[in-house]
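So the sequence lines, in the order shown, correspond to chains S and D.
First residue of the first sequence: 2, per my numbering; consecutive thereafter.
First residue of the second sequence: 3, per my numbering; consecutive thereafter.
Calculated from the structure, these hints are not laboratory results.
Just so you know, these numbers come straight off a predicted model, no measurement behind them.
Misleading hints may appear alongside valid ones.
Stated by the list, open to error - Cross-link-like lysine to any residue pairs, in silico, SDA-like; alpha carbons within 25 Å at most:
hint, chain 1, residue 1, chain 2, residue 2
1, S, 38, D, 8
2, S, 38, D, 137
3, D, 145, D, 167
4, S, 38, D, 4
5, S, 51, D, 137
6, S, 38, D, 139
What the hints assert, rightly or not - Heads up, incomplete: computed chain D residues facing chain S, CB under 10 Å, no partners named:
hint, residue
7, 6
8, 47
9, 81
What the hints assert, rightly or not - Label pairs and their calculated CB-CB ranges:
hint, chain 1, residue 1, chain 2, residue 2, range
10, D, 83, S, 286, 53 to 63 Å
11, D, 155, S, 11, 30 to 40 Å
12, S, 9, D, 84, 53 to 63 Å
13, D, 120, S, 277, 23 to 33 Å
14, S, 12, D, 158, 44 to 54 Å
15, S, 260, D, 87, 53 to 63 Å
16, S, 236, D, 164, 50 to 60 Å
17, D, 120, S, 234, 32 to 42 Å
18, S, 81, D, 103, 34 to 44 Å
19, D, 122, S, 152, 40 to 50 Å
20, D, 159, S, 43, 48 to 58 Å
21, D, 122, S, 228, 48 to 58 Å
22, S, 170, D, 159, 41 to 51 Å
23, S, 185, D, 119, 20 to 30 Å
Glycine included, C-beta positions come from ideal geometry on N, C-alpha and C.
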Amino acid sequence: MRYQRPSTTKEAALLLHDERGSAYVLAGGTDLLVRMKLGHIEPDLLVDIKHIPAMSALSHSAKGTRIGAAVSGAQLGEHTKIAKAWPGVVEAANLIGSDQVQSRCTMVGNLCNASPAADSVPALIAAGAKVAVVGPNGRRTVAVEKIAAGPGRTSLAKGELVEAVILPPRSARSGDAYLRLTPRTEMDIAVVSAGVNLTLERGRIKSARVALGAVAPTALLVPAAARAIIGTRLDDEALERLAAACSAACHPIDDKRGTIEYRTTVAGVLAKRAAKIAFQRAGGA
Amino acid sequence: MAAVLVSTTINGDATEFSCPANESLLSVLRNRLGLTGAKEGCSTGDCGACSVTLDGRIVCSCLVLGAEVEGREINTIEGMAADSDLHPLQANFIEHAALQCGICTPGFLMAAKALLDRNPDPSETEIRYALAGNLCRCTGYDKIVRAVQATAKQLRQLEKKKSRRKKA
Chain S
2 MRYQRPSTTK EAALLLHDER GSAYVLAGGT DLLVRMKLGH IEPDLLVDIK
52 HIPAMSALSH SAKGTRIGAA VSGAQLGEHT KIAKAWPGVV EAANLIGSDQ
102 VQSRCTMVGN LCNASPAADS VPALIAAGAK VAVVGPNGRR TVAVEKIAAG
152 PGRTSLAKGE LVEAVILPPR SARSGDAYLR LTPRTEMDIA VVSAGVNLTL
202 ERGRIKSARV ALGAVAPTAL LVPAAARAII GTRLDDEALE RLAAACSAAC
252 HPIDDKRGTI EYRTTVAGVL AKRAAKIAFQ RAGGA
Chain D
3 MAAVLVSTTI NGDATEFSCP ANESLLSVLR NRLGLTGAKE GCSTGDCGAC
53 SVTLDGRIVC SCLVLGAEVE GREINTIEGM AADSDLHPLQ ANFIEHAALQ
103 CGICTPGFLM AAKALLDRNP DPSETEIRYA LAGNLCRCTG YDKIVRAVQA
153 TAKQLRQLEK KKSRRKKA
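Pulled out of the complex, with its shape left as it was, chain D reads as follows:
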């Protein structure tokens, strides 16, 4: 198997790795770069546990080849918190008990963040559709939806405050 040398950006850091041409981005992240936040569930794009963003779009890293990410920008769950300050989504997942075993949580957080980045005020239906590619076998989803709703509300209020301050 011919190895491919790849230069990419992960969570803002320039990163280089080499991998066989058929190795998934998920495997590169976990087994070569020590970024084990993205989880391997189904490996066929059904469960969303391996969700990361690629140039800002949410993808299953199991359905991306490491070779494909040359020159692209990847964000993983490891880049979500600012040092020890949790992202509001992370804080709300804890607050609303939106996780039990935790395997699906990194994927849900990445998918929920991708949703809120493009739609700050999603309806419950929009949230459920946006998270349909993430499976959770513990929570029954309701608590996850509530956590996302609470975060959306907080982030909107923050934005309002910011724009008011700008005007003043």
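Looking at chain S on its own, in the form it has when it is part of the complex:
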């Protein structure tokens, strides 16, 4: 195995593209190095992106928020302005693993590892986040929900890598929230999760996005759930419609962490709770 430390994203893309064997991006390594240790993968090349300035950059302004692919969960959590504008996204990212893991893990790694239970992904989808993808032939911008193609698989082509997460400009009277269900409060993997992001106008929900995790092969954007609450003041009836739309969108697996029936029901419950928190954060009564 070879280890390379390029200084530009383009150079990283070319290294990944030109490698004949298996090539992987190394950011925090909290998933990658575990998979190597367990013998699930045997890379021929690791491309460490932590020396690429655009990957380590973290910026927040009226134009939007850009979180580089090498920014750790701990660094993100320390950025008080981003945490204030996007508490749901930052809380979701900070739920991943221990302090030791937070020092190293990245949201883009969480996204590209493509676990259906990835904590930051439903929050990012709800936020309407996009990612900047760079390949040997140029760059493109892709919605977060288009990246995971199935458990452990992404839609990225050979030689493509994500440079940063881009959050849209934050409008006034907006709020987001992410909740997950785990048997243990720390160091655990979501059995079900839900992210809600909404904006109010004169006390009513003007726009919303709802996303679910761990209830399908990839995290889901649930437009019907958003429609259930848009135009409302998040009254009980709207919340019930939201929960029903979320449960209807689920197609989870049965496993040791939760049954199909349980996950389907809890998805609705978590979406309701997350919507209430997002509504309150947006300044709703």
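Take the given structure of chain S and dock chain D to it, following the hints.
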């Protein structure tokens, strides 16, 4: 396997080593540099026995490659005591019997120090969250939490004394 030559700083000392590109920092510390304080528990980032700091942040050294630490600063448990004077955390772990078999202890001490360095007055909940990445199968955690609380209190009192002396 191509060997990588790395220059780094460990416990304040400039250090050089070479290792295969896929070798973990934990293995470098233990098997190449003779720093056996960091322990190998799970090797998958779950138990925290191999905790060290990398540029001041607590990490599992099993989830860091030796190749990645070029130009960085590492601190290990070997650097915690000042010669024969134990760090207050170490003294309090003994005082409160916060260890039994001792395998997890270096990791707990490093994680607890990382916590107190950024938060001198943590609540019990904050301590338990900060140490959630460290597993102990002997103590049941309570004695560890008490030792960290006692240390935090002592260090705060020391700071107060220092600042009073400065004013005077």
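Structure-based check of all given hints:
Restraint check for residue 38/S and residue 8/D: satisfied, since their Cα atoms lie roughly 22 Å apart, inside the 25 Å limit. Simply put, residue 38/S and residue 137/D have alpha-carbon atoms about 20 Å apart, close enough for the 25 Å limit, and the pair holds. A distance of roughly 33 Å separates the Cα atoms of residue 145/D and residue 167/D; the hinted pair therefore is violated under the 25 Å criterion. The straight-line distance between the Cα atoms of residue 38/S and residue 4/D is roughly 18 Å, inside the 25 Å bound, and the hint therefore holds.
At most 25 Å may separate the alpha-carbon atoms for a hinted pair to count; residue 51/S and residue 137/D exceed this at roughly 29 Å. Among the hinted pairs, residue 38/S with residue 139/D is consistent with the structure: their alpha-carbon atoms are about 23 Å apart, no more than 25 Å. With a cut of 10 Å, the hint placing residue 6/D at the interface with chain S holds, because the nearest CB-to-CB distance is about 6 Å. At a threshold of 10 Å, the smallest CB-CB gap from residue 47/D to chain S is about 6 Å, leaving the interface hint in force.
Checking residue 81/D against chain S by beta carbon gives a least distance of about 18 Å; that is not within 10 Å, so the hint is violated. Checked against the hint of 53 to 63 Å, the pair residue 83/D and residue 286/S passes, with Cβ atoms roughly 56 Å apart. Judged by the Cβ atoms, the range 30 to 40 Å given for residue 155/D and residue 11/S is violated: they are separated by roughly 53 Å. Take residue 9/S and residue 84/D: their Cβ atoms lie about 43 Å apart, and the range 53 to 63 Å is violated.
For the pair residue 120/D and residue 277/S, the beta carbons lie near 32 Å from each other, so the given range of 23 to 33 Å is met. A hinted range of 44 to 54 Å for the beta carbons of residue 12/S and residue 158/D is consistent with their spacing of about 48 Å. Under the hint 53 to 63 Å, the C-beta atoms of residue 260/S and residue 87/D, about 56 Å apart, fit the expected range. In this structure, residue 236/S and residue 164/D meet the distance hint of 50 to 60 Å, their C-beta atoms being roughly 57 Å apart.
In this structure the hint that residue 120/D and residue 234/S lie 32 to 42 Å apart at CB holds, the actual value being about 41 Å. One distance hint, 34 to 44 Å for the beta-carbon pair residue 81/S and residue 103/D, holds here, with the actual separation near 41 Å. At roughly 43 Å, the beta-carbon separation of residue 122/D and residue 152/S lies within the given 40 to 50 Å, and the hint holds. The supplied range of 48 to 58 Å is met by residue 159/D and residue 43/S, whose beta-carbon atoms lie about 53 Å from each other.
A hinted range of 48 to 58 Å for the beta carbons of residue 122/D and residue 228/S is consistent with their spacing of about 49 Å. In this structure the supplied range 41 to 51 Å holds for residue 170/S paired with residue 159/D, their Cβ-Cβ distance being about 47 Å. Checked against the hint of 20 to 30 Å, the C-beta distance between residue 185/S and residue 119/D comes to roughly 26 Å, which is consistent with it.
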